[in-house]
Amino acid sequence: MTDGGITAIAADGSCLAAVEDFLGRAGRAEPTLRAFTEIRPDRLRADAHALDALPTPKRGPLHGILLAVKEVFDVAGYVCGWGTPIHAGRQPSQDAAMVAKLRAAGALVAGITVSTEYALSLAGPTTNPFDSTRTPGASSQGSAAAVGAGLVPAALGSQTIGSIIRPAAYCGCIGVKLSWGAIDAAGSMPLSDAIDHPGIIAADPDIAAAILKLLAPQLMTPPAVKLPNILVLEPWHEAETAPEALAAVERATRVLAEAGTSIQRMRMPDWIATKEERVLDTILAFGVAKHHGEDYVRSTAHMSDRLRDYVVRGRAVSQAAYDDAINEQDRIRQTLNAEIGDGVAIMPPTTGIAPKLDAGTGSRAPQRLWTLAGLPAMTVPFGRHLGMPLGVQAVARHGQDARALAVIGALYGKG
Amino acid sequence: MSNAPEADLNTKSISIRNIGVTFKSEASDAVEALCPIDLEIPAGEFVALVGPSGCGKSTLLNVLAGFIPPSVGTALVGDDKISKPDIDHGMVFQDYALFPWLNVLDNVAFGLERQGVGRDEREARALENLDLVGLKDFAGKRVHELSGGMKQRVAIARVFATDPSIILMDEPFGALDALTRRFLQHQLLAIWQRNRKTVVFVTHSVQEAVYLASRAIVMTARPGRIKLDQKIELAHPRDFSAADFRAYEKLIYDQLDEELAKTFNLEGSGGTFRD
Chain S
1 MTDGGITAIA
11 ADGSCLAAVE
21 DFLGRAGRAE
31 PTLRAFTEIR
41 PDRLRADAHA
51 LDALPTPKRG
61 PLHGILLAVK
71 EVFDVAGYVC
81 GWGTPIHAGR
91 QPSQDAAMVA
101 KLRAAGALVA
111 GITVSTEYAL
121 SLAGPTTNPF
131 DSTRTPGASS
141 QGSAAAVGAG
151 LVPAALGSQT
161 IGSIIRPAAY
171 CGCIGVKLSW
181 GAIDAAGSMP
191 LSDAIDHPGI
201 IAADPDIAAA
211 ILKLLAPQLM
221 TPPAVKLPNI
231 LVLEPWHEAE
241 TAPEALAAVE
251 RATRVLAEAG
261 TSIQRMRMPD
271 WIATKEERVL
281 DTILAFGVAK
291 HHGEDYVRST
301 AHMSDRLRDY
311 VVRGRAVSQA
321 AYDDAINEQD
331 RIRQTLNAEI
341 GDGVAIMPPT
351 TGIAPKLDAG
361 TGSRAPQRLW
371 TLAGLPAMTV
381 PFGRHLGMPL
391 GVQAVARHGQ
401 DARALAVIGA
411 LYGKG
Chain G
1 MSNAPEADLN
11 TKSISIRNIG
21 VTFKSEASDA
31 VEALCPIDLE
41 IPAGEFVALV
51 GPSGCGKSTL
61 LNVLAGFIPP
71 SVGTALVGDD
81 KISKPDIDHG
91 MVFQDYALFP
101 WLNVLDNVAF
111 GLERQGVGRD
121 EREARALENL
131 DLVGLKDFAG
141 KRVHELSGGM
151 KQRVAIARVF
161 ATDPSIILMD
171 EPFGALDALT
181 RRFLQHQLLA
191 IWQRNRKTVV
201 FVTHSVQEAV
211 YLASRAIVMT
221 ARPGRIKLDQ
231 KIELAHPRDF
241 SAADFRAYEK
251 LIYDQLDEEL
261 AKTFNLEGSG
271 GTFRD
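Heads up: the protein sequence lines correspond to chains S and G, in order.
Quick note, the first sequence lines up with residues 1 to 415 if you use my numbering.
Quick note, the second sequence lines up with residues 1 to 275 if you use my numbering.
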């Protein structure tokens with residue numbers, strides 16, 4: 001990657017040609033993939049034309065990069081419906097902060113991608129780009145499928161349990177959830193202020209780095225050492241991890257060892273393993289009731305049972321119980337920050353390859369704790385099993401996002 | 001703090017006497033939107049109407065605004081029977097309903113012109129009310145230059161400028177983001193505490209009802225009837241997280257949930273769940 005930015009535009013250098021190419025490929029892929037809720041060719045062509053008219057010195061670092069945007073982020077003039085019929089016609093008049101920043105840098109909004117219901121419940125129609133009988137994961141399913149299918153080099157996603165890392169891993173993408181609070185979330189659908197993480201899904205580390213540098217420049221200073229020490233973390237959660245997912249991490253460990261890093265084993269403290277799920281659930285339910293309880297009153301009939309359940313349980317959480325959960329969250333964060341220190345923990349991002357569509361959207365267990373703790377977590381594609389992508393997840397302590405990104409970069413293309 | 005309005009303020013009581021609304025069409029059977037209800041709202045009270053969609057909240061508001069005639073019953077503002085729209089009954093809609101061809105100041109002054117107020121006083125009163133909602137500096141702007149929250153502030157200023165005796169608000173903050181909404185709730189309360197207009201406020205947010213209102217009314221699923229009529233006896237400013245605030249919320253939710261259950265989708269919601 002050069003400092004001047006990245007080039008992902010067509011061979012003749014025009015954004016318009018890149019857009020036409022995208023429209024052609026999306027037209028062929030979408031009947032099966034169903035990653036997008038809305039693509040607007042005329043607007044996309046007009047935006048590309050405007051970019052092409054810019055003289056070279058005025059072109060931004062993301063000039064002509066096609067960006068897919070999950071429907072939980074506002075994009076002016078598009079329908080951003082939060083994955084629920086209750087907001088099916090929702091058309092914001094302003095771009096979300098993230099979207100505005102990336103567009104100002106030259107990114108083109110390729111279209112709006114499918115989210116599950118409120119990024120939390122009912123799955124959308126999207127299929128996995130590697131096997132259309134399998135799930136793309138959730139909830140940023142359209143964004144991950146669009147990048148995994150090669151339609152766009154990057155997409156915006158959001159994670160409140162496992163919604164970036166899981167679909168990114170299932171679809172063979174890089175997925176990045178930065179330290180909690182690193183990205184301005186203005187203009188995105190809230191679930192819980194304490195655990196919502198906007199983030200990105202990207203085709204390769206250079207695109208990811210270029211975007212992250214714009215979204216969170218304060219975190220992107222390269223680490224002093226080329227590669228941090230690696231802590232190999234045994235799965236601690238209730239969900240069983242498939243042998244091929246563990247084998248991918250072992251292979252990644254060897255790649256990193258050969259690159260000269262020190263390797264240690266890390267074990268999750270029992271008290272964290274026992275309570276993380278419950279603490280997150282309390283915080284999340286409280287937030288869902290707060291932010292979407294009104295939709296429950298307005299349109300109960302159009303909500304899934306599961307979402308109703310979140311609202312009803314969340315309403316019953318007292319302020320004291322919520323404050324307790326936030327205190328527990330803080331204790332977990334501090335403990336994990338200390339355990340990981342200046343190293344980077346690696347583990348499987350998922351319990352295995354993407355399940356068949358009728359078996360759900362996969363387990364949230366390997367992603368959940370990092371959302372609760374607010375630590376930077378990223379996944380990189382690493383090998384295959386039955387033709388489906390596997391990945392490796394890298395986690396650093398809060399604020400040390402660049403360390404995890406360095407590990408992702410070191411593993412990319414080596415699986 | 002006394003709830004009684006000062007003597008010189010224009011604020012009136014509302015009497016709803018056996019008001020019922022049935023919609024008839026040639027295509028289908030008559031639909032009863034509102035069961036005959038009785039409700040006495042003293043001058044200066046802030047009433048929140050909460051209920052499932054289609055329960056008749058907006059229908060009741062439209063009767064009070066004079067937009068639709070009741071099928072049975074009588075509604076009075078003060079001693080006067082409501083029979084047609086009246087500028088003395090201010091209305092704020094969810095979608096702002098501003099005139100796009102007028103600038104902000106003229107939107108706020110519009111009703112004053114119809115009341116026969118002279119130009120200078122019109123402008124002075126429009127500016128004074130724009131100041132109340134923090135938009136004095138935007139008087140010359142066109143409507144399309146404003147954000148949704150700013151448009152709603154203009155709509156509120158417009159209603160208060162005409163000094164109506166009652167104010168009807170149909171889910172005015174429903175389309176706004178959380179921060180803007182909090183800010184406008186705060187401003188609305190501040191203006192209400194000064195002017196003590198009688199306010200009828202439709203909302204789907206129980207929290208908003210408990211935060212703003214001196215009295216909350218829960219309506220049943222269609223056809224709408226009054227299920228709960230609850231005074232909210234908390235001093236302003238109210239604290240969302242306080243135990244007594246949450247207790248009022250729970251009281252309302254308990255009644256509301258029974259009604260919401262009746263509107264559940266009978267086919268249920270299948271599919272695969274996950275975040």
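Treat the hints as calculated values from the structure; they're not laboratory data.
Computed from a predicted model, the values in this text were never measured in an experiment.
Even for Gly, the Cβ is constructed at its ideal location relative to N, Cα and C.
Incorrect hints may appear among the rest.
As the list claims (entries may be wrong) - In silico EDC-like cross-links for lysine to aspartate or glutamate, where the CA-CA straight-line distance does not exceed 16 Å:
1) G/262 to S/258
2) G/250 to S/294
3) G/81 to G/40
4) G/136 to G/170
5) G/141 to G/131
6) S/226 to S/258
What the hints assert, rightly or not - A short, non-exhaustive set of chain S residues, derived as facing chain G with CB atoms under 10 Å:
7) 262
8) 266
9) 299
10) 308
11) 313
Going down the list of hints, with the structure as the test:
no.: 1; hint: G/262 to S/258; result: 64 Å, violated
no.: 2; hint: G/250 to S/294; result: 14 Å, holds
no.: 3; hint: G/81 to G/40; result: 14 Å, holds
no.: 4; hint: G/136 to G/170; result: 25 Å, violated
no.: 5; hint: G/141 to G/131; result: 14 Å, holds
no.: 6; hint: S/226 to S/258; result: 13 Å, holds
no.: 7; hint: 262; result: 35 Å, violated
no.: 8; hint: 266; result: 26 Å, violated
no.: 9; hint: 299; result: 6 Å, holds
no.: 10; hint: 308; result: 8 Å, holds
no.: 11; hint: 313; result: 12 Å, violated
Violated hints for the displayed structure, listed by number in ascending order: 1, 4, 7, 8 and 11.
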